[in-house]
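Trainee: As a plain string of letters, each chain reads:
Number of protein chains: 4
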Amino acid sequence: MADIGIGIVGGGYMGKAHAAAYAAVATLFETDLRPRLEVVCATSDASAERYRAAYGFARGTSDWRDLVEDPKVEAVIIAAPQSTHRDIALAAFAAGKPVFCEKPLGESVADSQAMVDAATASGQINMVGFNYIRTPASQFARQLITEGRIGEVTYFRGEHTEDFLADASLKGDWRTQGAGNGCMGDLAPHMINGARALIGPITSLCAQVETVHATRGGVAVTNDDQAQFMCRFENGAQGHLFFSRVATGRKMGYAYEIHGTKGQIRFDQEDQNALHLYTMEGPEAERGFRKILTGPAHPDYKPFCLGPGHGTGYQDQIIIEAKDFLTAIATQKNIWPTFAEGLEVNRVVSATLASSAQGAWVNVADY
Amino acid sequence: MADIGIGIVGGGYMGKAHAAAYAAVATLFETDLRPRLEVVCATSDASAERYRAAYGFARGTSDWRDLVEDPKVEAVIIAAPQSTHRDIALAAFAAGKPVFCEKPLGESVADSQAMVDAATASGQINMVGFNYIRTPASQFARQLITEGRIGEVTYFRGEHTEDFLADASLKGDWRTQGAGNGCMGDLAPHMINGARALIGPITSLCAQVETVHATRGGVAVTNDDQAQFMCRFENGAQGHLFFSRVATGRKMGYAYEIHGTKGQIRFDQEDQNALHLYTMEGPEAERGFRKILTGPAHPDYKPFCLGPGHGTGYQDQIIIEAKDFLTAIATQKNIWPTFAEGLEVNRVVSATLASSAQGAWVNVADY
Amino acid sequence: MADIGIGIVGGGYMGKAHAAAYAAVATLFETDLRPRLEVVCATSDASAERYRAAYGFARGTSDWRDLVEDPKVEAVIIAAPQSTHRDIALAAFAAGKPVFCEKPLGESVADSQAMVDAATASGQINMVGFNYIRTPASQFARQLITEGRIGEVTYFRGEHTEDFLADASLKGDWRTQGAGNGCMGDLAPHMINGARALIGPITSLCAQVETVHATRGGVAVTNDDQAQFMCRFENGAQGHLFFSRVATGRKMGYAYEIHGTKGQIRFDQEDQNALHLYTMEGPEAERGFRKILTGPAHPDYKPFCLGPGHGTGYQDQIIIEAKDFLTAIATQKNIWPTFAEGLEVNRVVSATLASSAQGAWVNVADY
Amino acid sequence: MADIGIGIVGGGYMGKAHAAAYAAVATLFETDLRPRLEVVCATSDASAERYRAAYGFARGTSDWRDLVEDPKVEAVIIAAPQSTHRDIALAAFAAGKPVFCEKPLGESVADSQAMVDAATASGQINMVGFNYIRTPASQFARQLITEGRIGEVTYFRGEHTEDFLADASLKGDWRTQGAGNGCMGDLAPHMINGARALIGPITSLCAQVETVHATRGGVAVTNDDQAQFMCRFENGAQGHLFFSRVATGRKMGYAYEIHGTKGQIRFDQEDQNALHLYTMEGPEAERGFRKILTGPAHPDYKPFCLGPGHGTGYQDQIIIEAKDFLTAIATQKNIWPTFAEGLEVNRVVSATLASSAQGAWVNVADY
Ligand SMILES: NC(=O)C1=CN([C@@H]2O[C@H](COP(=O)(O)OP(=O)(O)OC[C@H]3O[C@@H](n4cnc5c(N)ncnc54)[C@H](O)[C@@H]3O)[C@@H](O)[C@H]2O)C=CC1
Ligand SMILES: NC(=O)C1=CN([C@@H]2O[C@H](COP(=O)(O)OP(=O)(O)OC[C@H]3O[C@@H](n4cnc5c(N)ncnc54)[C@H](O)[C@@H]3O)[C@@H](O)[C@H]2O)C=CC1
Ligand SMILES: NC(=O)C1=CN([C@@H]2O[C@H](COP(=O)(O)OP(=O)(O)OC[C@H]3O[C@@H](n4cnc5c(N)ncnc54)[C@H](O)[C@@H]3O)[C@@H](O)[C@H]2O)C=CC1
Ligand SMILES: NC(=O)C1=CN([C@@H]2O[C@H](COP(=O)(O)OP(=O)(O)OC[C@H]3O[C@@H](n4cnc5c(N)ncnc54)[C@H](O)[C@@H]3O)[C@@H](O)[C@H]2O)C=CC1
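Residue numbers (numbering that gives the first Met the number 0), protein chains in the order written: chain A, 0 to 366; chain B, 0 to 366; chain C, 0 to 366; chain D, 0 to 366.
Derived by calculation from the structure, the hints in this document are not laboratory data.
Among the clues, some could well be false.
[Claimed, not checked] Below, a list of computed lysine-lysine pairs in the DSBU-like style, where the Cα atoms sit at most 30 Å apart:
#: 1; chain 1: B; residue 1: Lys170; chain 2: C; residue 2: Lys301
#: 2; chain 1: D; residue 1: Lys170; chain 2: B; residue 2: Lys261
#: 3; chain 1: B; residue 1: Lys71; chain 2: C; residue 2: Lys170
#: 4; chain 1: A; residue 1: Lys261; chain 2: B; residue 2: Lys71
#: 5; chain 1: B; residue 1: Lys301; chain 2: C; residue 2: Lys332
#: 6; chain 1: D; residue 1: Lys261; chain 2: A; residue 2: Lys170
#: 7; chain 1: A; residue 1: Lys301; chain 2: C; residue 2: Lys71
#: 8; chain 1: C; residue 1: Lys301; chain 2: A; residue 2: Lys261
#: 9; chain 1: B; residue 1: Lys301; chain 2: D; residue 2: Lys261
#: 10; chain 1: A; residue 1: Lys71; chain 2: D; residue 2: Lys71
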């Protein structure tokens, strides 16, 4: 098996998750490439060294250009704040290296467009970090829909809700400043991606974006913490998406229900190993939502465990991403979701903010 | 205990439910009045006689005026189609009798307004049949909110979803003709009432109303089967309501979640004896949604059973309505929800249809 | 429709439930007989009069012999403490009247045997009040098993758990004195009946019966509050039953799971309108427990409501019992569960106490 | 950070799980030792080489003595069938190396005793692979009980149920031959360990062990597939444990409920990120089982993810074991569960088989 040198920009929440994923992925999956943890980059030399030692990288640096240009780094993972994504990605493509970028792709549609253009121009493999759609359960949901198992989709309801800012007495920080760090910029992309993956493109929407807790510790909050939109999908289905980080009681509320002419699917990430399926089949008296526990019969489960119901967790999603990224590199064929998907998600975010400001329906294509 | 003669117009789904409720209510609750089932009215003499015999009424008639004017009938229950509600109610008030009218109050805002005016002019007790808000669980939810148990309400999501028209091959009938019999006319009033009861008046909304199955058996369907709106409540909370009778797999999807600054409440009528409450209290490690089973400690439960968790059902909601109606008559004090509430619900329905037609936000007060 | 005069001995918890059931049953079900509430009996004239007025009986009495002999009473319901069941039943049969007796049938096997003998000798209709097995869900579970839907039954786990005596600081009362009022005497009969109804006779068992809170308010408790047994059913299945009234947090824990060679059924009375069914059918990836909501497709549901998922409650079980009792009387054909079932349940209780005392397996037939 | 060379005997189900765990553990946790995957051992050179390449070991071998004696191997993981555990462990201790052994410890009490003696004599760190008790949820359950959060424990119900042998048409293999590979030998140890960890030692028990499917493909099955016992714990609590691999529909039924005088805890591994807690606190009307989602506030969760509710999975349990084993080695202090726990679990298995054979209660200490 060939090796591949990995460089990760960022050693925080997601930097660590990717480091652990690349450490384990080749043992779990039959990848063609075995990763070597080469360089980790953080804002200071001290923190870079700390991450290097903790995660087992060969080298640390506080300069992402250094990382990008290091010949030992053969693939770049961007796990730094969204404001850095564009420049790092462009440099990596220029250096002829494949790039995995955390969500959201860019801070704006323009940035994401530039990133897509650069990816295309370079011909390099590119992928964006929408991990939740990669659970075995959500992959299976996609498959069921594609196979027509629930008929034509008539309605979609999705949400990404958490409560880490529900307590009004929490002081503000960078998360409560700037649209990119708001609920629409930060949480919404996951479920917008989910909706697109499961149902298809969103053509028009009407949104309501707001800030429930307008000041924190006496300081004005400059971004949103709760938002919703109604929408129409390209395939005709009606939809509703809701996003909140003040949803008291919700910890990982990435949840959806999909109504079809022949069945319904329900999912809630808080019980990520179960998918609920109803089909209009069999005798009336025996119909009901089936709670399907994920197992080796579902996508990307078996490498983690041969036993059904034994369950995968958050970290495993990142491992699945790593597997897909390595596979794309090995085969030189992009695997969904590429930067192009990240761009389309940004466009929906953009349309949402515009619609809310205007108090009117908007066409997503106009953004 | 004094007796009171009951007349019920309609002997179908709800006529039967009310007949059974009045047969049992005085045994279960300590009402001041004991009902006598006097007259039942249906469209033909034959069916009226059938209902009379089956439900135990003294007399049957095919003329609701006959029922209304019978001196033995001291209280009138309207359980006939919505097109009849207005005329029957007006006649009953004119005859000086209290009226309980099934939802929706009138077929239009104008009809409902006329009914409210007649009620007021007559000074008679009046009540509208929103039964779902009367489960012990939903009454308790109202109480929790009123007491501030979850803080300020920040978001409300409600739905009333069923699937009795989900099968596209079902032939159409009266239910698939005429706005009043559509999903907005028929199902939506329950949850609009629920939202108002739990959160308060809706000031503005933006709606999407549609017909998923446009023809049935070759005949055009002339009303909606799926609808949603986003809204703003008078108290500032954001909201979303969804209504469907094509929600494959949903049988009694009267469900809501209420986000507050200090907690969250969740409820689903499909498990009507449980209320889920989260509060931002106690150590982080012990927080979670509590599944509270209804019992004698909750409103209107104890008369049905001394044991908690033993559960009430659909028919019991109608008995609670009967108890409240008899109490209102005995005390000559109206009990919520009166016709005035029915009128406001109609107004929201009206605004919803207008908003959808216009593709724009509307103020409810304008309808 | 012919009338039938009802006399109820006892006006407490169950006396009221039966009174309300007989008031409503003929309106809900197409019974051949319409009940008249004739006489209610309680320990004092004052309480009898109170019940009479509250429940709508024609007459009250403090002497059950008076009730039994009143020619207007054509059917006797025994809803007084177990110590009274035997004598009242024998007198009623002697008077040529059908008898419905609350569970447990007698206080002992000997008493129950005498009651069965008297019933047989008199040729009168007789029924015992095991209401929980009569929910639409549990009736449907029986049906599924009978039809072989889950194959051969291999294991049964049942429990009847509540927590009304969980609080150790509660003072004792009659419930904490005497075996007949203990957990085995009072709660266990329901689930023993359930196990027998679902799986069949129990041939042998090994039990552990105990008193968790041995004194209450300084007074010794003389009966059990927690018990379990393992058993073998006649059909070969292994089983386990558990009973507790100190099961902190459990309100109506009448619950069971039934393993079969082709499927599994799970039920919990705390969500009495749902039955969970798993079958070894279809593609592995789509298998799971189906949550079936009761509806018109299930036994004895439709008379309560035409809508599936709308739900029945505790009081409705008593109405179903009333319907069956009236039907048995009208057709002069006994309907399960008759006194014979009550006797067999007593035998299992008796075997359980003996097994626990001996610390050994026992054959049920020996008791 | 110092390195440590890891040798794993076995490259199947658990061999792979441990390999992946050691690849990732030092990135996720702040261990003092960073593992190097040195040697993997399997039955043939070919399979050893396959595992070596797939999991990233330096070397493969088909001789476990070779692995044990290799100076680069500084810690031995035994993930081969139970028949091999004793000899490998003894050799590893003799070679002065710490040993982690998969469950069950030995095939018999005698074997396990020998392993405990060898561990003691050598003074080497030793640990046994009971992974399920290591989920954040179950660790938290232990903590709650220890802190007296649910008062005195009065009842424990545990099960380990799966359905991989439920289909009677499955041909037999090594799993259906020999007591050690039966349901008691293979599945039961996990939940016996769980019961001991949560409640404490089991003093006496009465068991029923059986083979539901006695032949497979015409060949006699020589071990059990379903078993249960009632028991008494040292602390006085009553208990029931059930084990099955023919529990149709159950995929990972490691589940328990623990009744206490002040509360109750419920857990089901099929939703391993939730713990249900009821406490006898606060107003009656607000009591209910809380569904607590695991998060950084719970044991061993934070290293996997900073977000609560994001969830851990099966593989993460093995990583937690690896962390504990490395910590024990680094600090030279054993961490529960050591071989001593494995021995006590074997003793309960032994007592169970004896009790079932005798049809009587037995004292665990006698086995
Ligand atoms: N897919 C998912 O579930 C999640 C994705 N994310 C995304 O991951 C990215 C990183 O977020 P977190 O890990 O939560 O942030 P974090 O604050 O935990 O870590 C950020 C890291 O980036 C480094 N960094 C910051 N600026 C840098 C610069 N100019 N050059 C080099 N390194 C720099 C910091 O030193 C730090 O190590 C964001 O784009 C975020 O939206 C975050 C959380 C969850
Ligand atoms: N609260 C709730 O849960 C429900 C409320 N409803 C409401 O109850 C009302 C009745 O609906 P259903 O009982 O479902 O209808 P249904 O069709 O089952 O019964 C209608 C009854 O009204 C009688 N009727 C019709 N026209 C009449 C007339 N001109 N004069 C006298 N009798 C007449 C019919 O003979 C029949 O007995 C409607 O307003 C409906 O919206 C219906 C179902 C559920
Ligand atoms: N099926 C079920 O779900 C339940 C069944 N039961 C059973 O119902 C029966 C009654 O129990 P509860 O209603 O809970 O008791 P309760 O204490 O609430 O009522 C007992 C009634 O019997 C009357 N009574 C007592 N001794 C009498 C006598 N010698 N002559 C005439 N009347 C007498 C009392 O005045 C009182 O009205 C018992 O056998 C009990 O096991 C009780 C509760 C639930
Ligand atoms: N903790 C848990 O959740 C689980 C624990 N186990 C336990 O793990 C152990 C291994 O079971 P599995 O991985 O399921 O078995 P497996 O059959 O998947 O793998 C066994 C491995 O051991 C190797 N092996 C067999 N005999 C050997 C010998 N004499 N010398 C060297 N290598 C040998 C085989 O080549 C194979 O690689 C067993 O003790 C089992 O009880 C198994 C499954 C789950």
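Trainee: Each hint: holds or not?
Mentor: For each hint, the structure was consulted:
1. The straight-line distance between the Cα atoms of B/Lys170 and C/Lys301 is roughly 22 Å, inside the 30 Å bound, and the hint therefore holds.
2. Of the supplied pair hints, the one linking D/Lys170 and B/Lys261 is violated, its CA atoms being roughly 57 Å apart against a limit of 30 Å.
3. For the hint linking B/Lys71 to C/Lys170, the alpha-carbon distance of about 52 Å lies beyond 30 Å, and the restraint is violated.
4. Distance check on the hinted pair: A/Lys261 and B/Lys71 sit about 51 Å apart at the alpha-carbon level, beyond 30 Å; violated.
5. For the suggested pair B/Lys301 and C/Lys332, the alpha carbons sit about 35 Å apart, so the restraint of at most 30 Å is broken.
6. At roughly 37 Å between alpha-carbon atoms, D/Lys261 and A/Lys170 are farther apart than 30 Å, so this suggested pair is violated.
7. Taking the CA atoms of A/Lys301 and C/Lys71, the gap is about 72 Å. The hint is violated against a cut of 30 Å.
8. Under the criterion of a C-alpha separation no larger than 30 Å, the hint pairing C/Lys301 with A/Lys261 is consistent with the structure, at around 25 Å.
9. In summary, the hint linking B/Lys301 to D/Lys261 is supported, as the alpha carbons are separated by about 25 Å, within the 30 Å threshold.
10. Taking the CA atoms of A/Lys71 and D/Lys71, the gap is near 28 Å; set against the 30 Å cutoff, the hint holds.
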